[in-house]
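Q: From just these sequences and the hints, can you work out the full model?
Chains as they are written, first to last, in numbering that gives the first Met the number 0: chain Z, 0 to 887; chain Y, 0 to 267.
Please note: incorrect hints may appear among the correct ones.
Unchecked claim - Listed below are the simulated DSBU-like cross-link pairs for lysine-lysine, each with C-alpha atoms no more than 30 Å apart in a straight line:
1) K150(Z) with K186(Y)
2) K30(Z) with K172(Y)
3) K95(Z) with K134(Y)
4) K168(Z) with K41(Y)
5) K150(Z) with K228(Y)
6) K69(Z) with K212(Y)
7) K199(Z) with K146(Y)
8) K326(Z) with K183(Z)
9) K41(Y) with K30(Z)
10) K137(Y) with K69(Z)
11) K841(Z) with K228(Y)
12) K150(Z) with K163(Y)
13) K220(Z) with K260(Z)
14) K228(Y) with K568(Z)
Claimed, not checked - Below, a sample of chain Z positions facing chain Y; criterion: calculated Cβ distance under 8 Å:
15) K30
16) F59
17) A62
18) Q106
19) P109
20) L110
21) G715
22) F719
23) S725
24) N726
25) G763
No lab work stands behind these hints: they were computed from the structure.
The beta carbon of each residue, even a glycine, is placed where N, CA and C say it ideally should be.
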Amino acid sequence: MTILNYRPWSLALAGWIVSVAVQAQPTIYGKVTDTSGAGIPDASILVLDSAGRSVMVFSFTDAEGKYAIKIQETTRVRMTCSAMGFAEASFSLSLKDRPQEHNIVLQERPLELQEVIVRADQPVLQKKDTTVFDVSSFSDGTEDVVEDLLKKIPGLTVGEDGTISVNGKEVEKVMIEGDDLFDKGYRVLTKNMPAQPVNKVEVLQRYSDNRLLRGVEESDKVALNLTLHEDAKSQWFTHVNGGYGIKERHSLSANAFNFSKKNKYYLIGGGNNIGDDATGDIEHLFNPSYVDDVTTLEDKTPSGQLIDLTTLNLDFKKSRTNLNNDKLISLNGIIRPTEKSRLKGIAFFNHDTRTFRQSTTETFNAINTGFTNTEDHRWNHRHLDGFGRMEFTHDNKVNQVFKSISSFQQSDGNTENRLAFNEADAAESLETSRTRFDQQLSVTRKPAENVVWILKGRYIDDTQPQHYHTDQFFFADLFPGAPDANAVRQQLKRKTRYAGAGVSLLKRGNNNDLLEIDAQNEIHNVRFLSHFALLDDGVMISQPGGYQNDLHYFSNDAHVAAQYTKWLKKFSLTGGLALHALYNRIREAENDGSQYPLFLNPSIGISWRPGDHQKLSGSYTFNTTNAALPDVYRGWTLTGFRSFARGTGTFNQPNASTSTLHYQNGSFAKDFSFYVFAFHTRSHSFLSGRNVITQNYALTERLLLRNRDMMSIHFGADRFLSAISSNLKFDVSYSQARYKNIVNDAVRDIHTTGTVASVEIRSGFLGLFNFHSGTRWTFSAVQSPIRNRFFNQNTFLDLVFRLRQQILFQLQFEHYYFGSAGPENEYVFVDAQWRYTIKPNKLSLMLRANNLANVDAFTSVSLSDISVSTTSYALMPRFVLLTAEYRF
Amino acid sequence: MKHLPFWLLCLLTSPLAGQSNEVLGKVEYTRILHYDKDITRKDFTLFITSQRTIFIEVEPEYDSASHEDFAFRMNEDGELEMNISISANSPDPLTYETDTQSGMLRTLTSYFDGSINRPVLVEEEITTIPWQILKETKVIANLECQKAVGKFRGREYTVWFTRKIPVRFGPWKLQGLPGLILEATDKTNQVQFLATKIEFPAQGSPALPEMKKNIRTLTLKEFVEEDSKMAERMMSKIGTKLPRGAMISMTDVVKHEIELEYEFDQNK
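A: Okay, here's the thing in structure tokens:
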């Protein structure tokens, strides 16, 4: 199809010259005019086959109405000429080897169409908050895994790391036939599941886990649902990521999946000894978060253990101190016994051994005492976890959903510690176990489009026994009546039973206003036993009075809460009120007391958006809480090798007022932005401590005191420097607290302050190299009334090189400086990573080198109102690991 | 100059044949963009005169400020991840003018100068799209339509045009077929134009919307260069504001444009 500039003579000449070799291309030319002879511009000229069916060539007339068309072959054709406002002209002609002139005169005829409305058919179906994509319209058959398919679905963005977002918002989950096994960890699914069985992709906007809450509950969540072909066959697919390195460092994770329309199975296995928390990746499977979930009653049972020997609290990556050997296996499945019901099961086992090493030098500075203790710990910790969870859902497909969740957990842990305390050696051991059963039931019903009510119940039974033993006796001063004691033992048992039932109502008003009403009754019933014994060569010689507990704690909390949110253009106001009516009872051998406290918890919040990039919000709450078990028991309980603690022995309802203020100006796109956040809490009454501190032991007793003030203010600013394509970030925060406690009978006013300032610069170069560097300075001070201060500094530099799309090289440096940690107060860590993607989503290699400077110990300083401690930790030594990731 | 009397005659005898602003017909289209950021649907109206069309956005709800959206999540390694989306709106309705007499196509659009959108007029020559007309036909709104395929700026379009409305125009920059284009879909399904209402003649003798004048005017090439520089600068700028360990991938800037490539890029 060619349109020529019309030069008949040259064409004719050229045609004649080469006619021996090539058959000339016939040309038709001419002029299109109206009946008055005026040329018609933009008229179309079509050359069709003789039957007038297929268009061979077409052209338009120029401004004067002239046209010229070159045609590939000589044949009989049909010509058609049409222009807006004229009747179409059509005639047949035989093409010859030479140019032919055909002038065309069009008769005027205005175009009269009736107004027509077109209804187009589309491969996309838009329901209210759901968009359904028919996969066959978007796929071209080359998609390997689900992720490849999703990349082709309009409206979805799949990030480089597999993150899926809709409208810039990341999806909550990717379900299959409405079933979810992965929660936020959906990338395991989308990067591994074959695309071929997928039939439709549904984008669910304003998503709520409970179908009936959609449109009523406040939600801006997005989720995806994949439906499968009717005849999709179940097939297994697997994904393996394995690595091995020097000093037998290893890391392995394997996933296997099988999905069909009715049933879904997912198997995970793995282990590592490179400091990664193997259960971290899948924690959401057995412990899904129910934050803001109105269909469940919050789990208020205590989760921590009374004696915990191995908790480290560090200022840097946990993986550096986690000298571990983790193994885990998990099996997950969903089956659908009937059309309307679903059964989801999870079984999980984890075995873990960890070693920790820590030495501490702690200097105590209280008013009437002062001494320094040294401790050296070498822990060996083993634990085994078993967990099972069964979820049953019945959805009547109209307006009612019933849900039952049952879970069972059994954990056993064992810690052995070689302890050296001020040069005295001791062997410490702790056996811990936990048996927990949790049953939840809920019925959600939606009587009208904007109203939902929920009936819910929960029962928890949690038993945690602990056995502690140490073969040293540090308490001669405390127990002068037992001069022969040379070891101690403590047996603890805490059995918590919780039962709760409640009803919630949510009503969405016209103006997006939301009313929430909640009525609940909750019962906590706790039995707490602690038996502390002094031993002489393994034989119990005494169970000192005042160091034993046998307590029944019972609390019934009936409460009603209402909250209302009102929207006025750029302004919203939220007000809430909760009324609690309690019955508390403590029962012990020679103590039986009860009370009926009643309290109100009001809250108010405002938010204002004066402009696009400005937001101001503030809130005030007054909150009264009922004291839980750790606050009430009266017998001293051993909590470490040299420390005891006890509660107040009575009921308490501490209360506090909290105010917050937040202002934000600017945004990421702006060159300059900043925010201010401030909060203040005044605890009108709070549980402080009465401490007795000696070199060999410490006793801490909870004590209800008045007035604790805590405040904190944060300021942050970002400034983008165009000249060097880099951003400068500045953050500073200040916090302070004032309260009282008692140490060795002296009432002390404690005043703590902390200032953290940080500066960072990060490049945004478009080339293969980028850097990010920053430093953070921390100043802390405690006045008690002896004043202690310290200063820490932490600086980092990250370098990233990206050579083509497949190769990424990353180098990280970290420098720590402790202003008051003595001579060994500086540390440098160097980590490197090299990743080579051979085939995306199929095979990639990674070389990881951690702690290249081989720093094997790390010393940090921390400050409390009674002591300054310097602690050294053993670190994960240097390792190099080569990892391959493969999917098949 | 020698054609002047002829032109006068033209105007007198046939107002349709001359450079007239009389709106002959009006067609409403829905533009559906499927790439990134949800499905966006936008309604346009095509005003057709004899040699000129205006394809203009209907009821734009615009302000010139940019909008941002943030989402945080914990990734599998327990690190905090942030998802940022930035969109900027144009201060004027997006307008395309196709003028076959001058052979020029003008777009009234905007460019993001880092904080707000500024209007700009972009000029280019009307492209001859190498359409291939196929035999397949279908009926859209009682009008027999014929299928044609053609490549234009990196996308392969399948269009349906009707010879019952014998103008060479269509939605957006798609034109050059012997009949009005009523439907256009690109091969990846990311871009779609669908006629929703067709009026011939236009009811109520509407006036042809005028293109905004006296604003910054760029050639298409100049505009594309400026625009892409801005987007890259923007991405890298955001990257510099992220916390440690958070990465932004510059190579991951997906171009969400109807036009994916330009004639002047192909020499590179």
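Q: Against this structure, judge whether each hint is valid.
A: How the hints compare with the structure:
Between K150(Z) and K186(Y) the alpha-carbon distance is near 15 Å, which keeps this suggested pair within the 30 Å criterion. With a CA separation close to 27 Å, the supplied pair K30(Z) and K172(Y) stays within the 30 Å bound. For the proposed pair K95(Z) and K134(Y), the alpha carbon gap of about 25 Å is at most 30 Å, so the pair holds. For a cut-off of 30 Å, the pair hint linking K168(Z) to K41(Y) stands: about 21 Å separates their Cα positions.
With a C-alpha separation of about 25 Å, the suggested pair K150(Z) and K228(Y) falls inside the 30 Å cut-off, and the hint holds. Between the alpha carbons of K69(Z) and K212(Y) the distance comes to roughly 40 Å, so the proposed pair goes past 30 Å and is violated. For the suggested pair K199(Z) and K146(Y), the alpha carbons sit about 28 Å apart, so the restraint of at most 30 Å is met. Taking the CA atoms of K326(Z) and K183(Z), the gap is about 22 Å. The hint holds against a cut of 30 Å.
Using a Cα cut-off of 30 Å, the hinted pair K41(Y) and K30(Z) is violated, with the two alpha carbons roughly 40 Å apart. Taking the CA atoms of K137(Y) and K69(Z), the gap is about 29 Å. The hint holds against a cut of 30 Å. The suggested pairing of K841(Z) with K228(Y) is violated, with an alpha-carbon distance near 34 Å, which exceeds 30 Å. The suggested pairing of K150(Z) with K163(Y) is violated, with an alpha-carbon distance near 39 Å, which exceeds 30 Å.
With a C-alpha separation of about 25 Å, the suggested pair K220(Z) and K260(Z) falls inside the 30 Å cut-off, and the hint holds. For the given pair, K228(Y) sits about 37 Å from K568(Z) by alpha-carbon distance, which is inconsistent with the 30 Å threshold. At a threshold of 8 Å, the smallest CB-CB gap from K30(Z) to chain Y is about 12 Å, leaving the interface hint violated. Hint on F59(Z) holds. Least Cβ distance to chain Y is approximately 6 Å, under the 8 Å limit.
Annotation: A62(Z) was flagged as interfacial toward chain Y, and the flag holds, the nearest CB pair being 6 Å apart, inside 8 Å. With a least beta-carbon distance of about 12 Å to chain Y, the hint placing Q106(Z) at the interface is violated under the 8 Å criterion. Hint status for P109(Z): holds, given a least beta-carbon distance of 7 Å to chain Y, under 8 Å. Because the smallest distance between the Cβ of L110(Z) and any Cβ of chain Y comes to about 5 Å, under 8 Å, the interface hint for this residue holds.
About 10 Å separates the beta-carbon of G715(Z) from the nearest beta-carbon of chain Y, more than 8 Å, and the hint is not met. The interface hint given for F719(Z) is met, as the beta carbon of that residue sits about 5 Å from the closest beta carbon of chain Y, less than 8 Å. Because the closest C-beta pair between S725(Z) and chain Y is about 5 Å apart, less than 8 Å, the hint holds. For the restraint placing N726(Z) at the interface with chain Y, the shortest Cβ-Cβ distance is roughly 3 Å, inside the 8 Å limit, so the hint holds.
At a threshold of 8 Å, the smallest CB-CB gap from G763(Z) to chain Y is about 3 Å, leaving the interface hint in force.
Checked against the numbered hints above, the structure violates hints 6, 9, 11, 12, 14, 15, 18 and 21; every other hint is satisfied.
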